[in-house]
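Two chains, two separate frames, one set of hints: put the complex together.
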Amino acid sequence: DAGVIQSPRHEVTEMGQEVTLRCKPISGHDYLFWYRQTMMRGLELLIYFNNNVPIDDSGMPEDRFSAKMPNASFSTLKIQPSEPRDSAVYFCASSLKRLNNEQFFGPGTRLTVL
Amino acid sequence: AQSVTQPDIHITVSEGASLELRCNYSYGATPYLFWYVQSPGQGLQLLLKYFSGDTLVQGIKGFEAEFKRSQSSFNLRKPSVHWSDAAEYFCAVGISNFGNEKLTFGTGTRLTIIP
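Line by line, the protein sequences are chains A and B.
Numbered per our numbering, the first sequence spans residues 1 to 114.
Numbered per our numbering, the second sequence spans residues 1001 to 1115.
Mixed in with the good hints there might be a few duds.
[To be verified] To spell it out: a stretch of chain B is covered by chain A in this simulated footprint if at least three of its residues, at any positions, have a beta carbon under 8 Å from a beta carbon of chain A; those stretches are:
no., segment
1, 1044-1055
2, 1102-1108
[As the list claims (entries may be wrong)] Straight line, CA to CA, 30 Å or less: simulated DSS-like cross-link-like pairs of lysine-lysine:
no., chain 1, residue 1, chain 2, residue 2
3, A, K24, B, K1061
4, A, K24, B, K1049
5, B, K1049, B, K1068
6, A, K78, A, K24
Hints are computed from structural coordinates only; laboratory data are not their basis.
All residues carry an ideal CB built from backbone N, CA and C; glycine is no exception.
This is chain B alone, in the form it adopts within the complex (with noise of 0.2 Å):
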């Protein structure tokens, strides 16, 4: 079975400075990759996705992700943090099984930003 793993449960950086979060994944074949934000109180919106194709890929709000076959890895990126982007980061991993379609979600990780 498919299953996603965030490493860091926290992470405190400070504004300006640049982000890494880290997704690792295991999946037999190359899945689809999400990453999701969530703010206090609110649902989860997509920040970006990788389903083939050019392993860097841009999403919204001045994020980037990489794509590392070799790794399982679906690291996000951010060079320069804002005090708006404290809220917990989702990866998940989408796969397709005869007829069965659904995600599965790492246990987040919660962004910390200091002025």
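One chain only, chain A, in its complex shape (with noise of 0.2 Å):
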């Protein structure tokens, strides 16, 4: 297996503008998480989803973040309308079953607005 595939590895746009990332689990895997990671704040659990339905959202900063996963091999975090404060690395993950399984995670998408 491939692995958590991210894309894209590196994104900079400017503010206001729309972003999406995605992702792709590996196949199999029933979890799914969004993870931020900054200097400041470490790393914070934005959303997660089990079986493609999203079952903790609360890490997600505010109504400009929104994500979605359509089916069981595909996942998206939009950020719309992007400021500055988002600049950060976007980790995927995703996991087989229950809790007590590894998380596997993805390279990370860097993304910076300017």
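This is how it looks when you write it as structure tokens:
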């Protein structure tokens, strides 16, 4: 398996623009997680899905952020409009079945909002 | 709510020396405990995990960790570090609460290896 795939790897955009990050989880994994990593706040869970259904979105910072998982092999995280403080590395991770299984992380998307 | 504390932001160790990275958690019951490693520009990789049973857990790359309930700790150890161990290390606690299952990560410890 190719592991968790994220695209793009790097994104540079201007404030106010819409940004869409994409993730393909490992085939057969039931859970998908979106994290944000910054120097100031560390690694934060934004939202996670179980069987394509959002379970906990309490980490989504504000209404400008939205996430979808239309099928088991694809998820998006959208920021509209983007702001400079959204600059961070965004990770997608997936895991099999329940919590006591390893989360496999993608390589991340480094987002810079100018 | 559960929390994880990694008191050491940055640790420098000589190559070949032993290593211990500290992790303390706060949670009412026995949690799931994990250590992940992140190399520069990479995602996180699982080193080891503890759910139950033997409190000394062996992981990949020669790492081990010991769960101590009385101290609410899950410290990571390695008897002899290699230059390739330079990375950031994250402790995480997992909880399952009424169907809501997720990890909470510590702030990480950056490990520097000197020759």
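Results of checking the hints against the structure:
1. 1044-1055: holds (count 5)
2. 1102-1108: Coverage by chain A holds for the segment 1102-1108 of chain B (7 residues, Cβ < 8 Å).
3. K24(A) to K1061(B): The hint holds at about 28 Å.
4. K24(A) to K1049(B): holds, 25 Å
5. K1049(B) to K1068(B): Since the Cα atoms of K1049(B) and K1068(B) sit roughly 14 Å apart, the hinted pair holds (cutoff 30 Å).
6. K78(A) to K24(A): holds, 15 Å
Checked against the numbered hints above, the structure breaks none of them.
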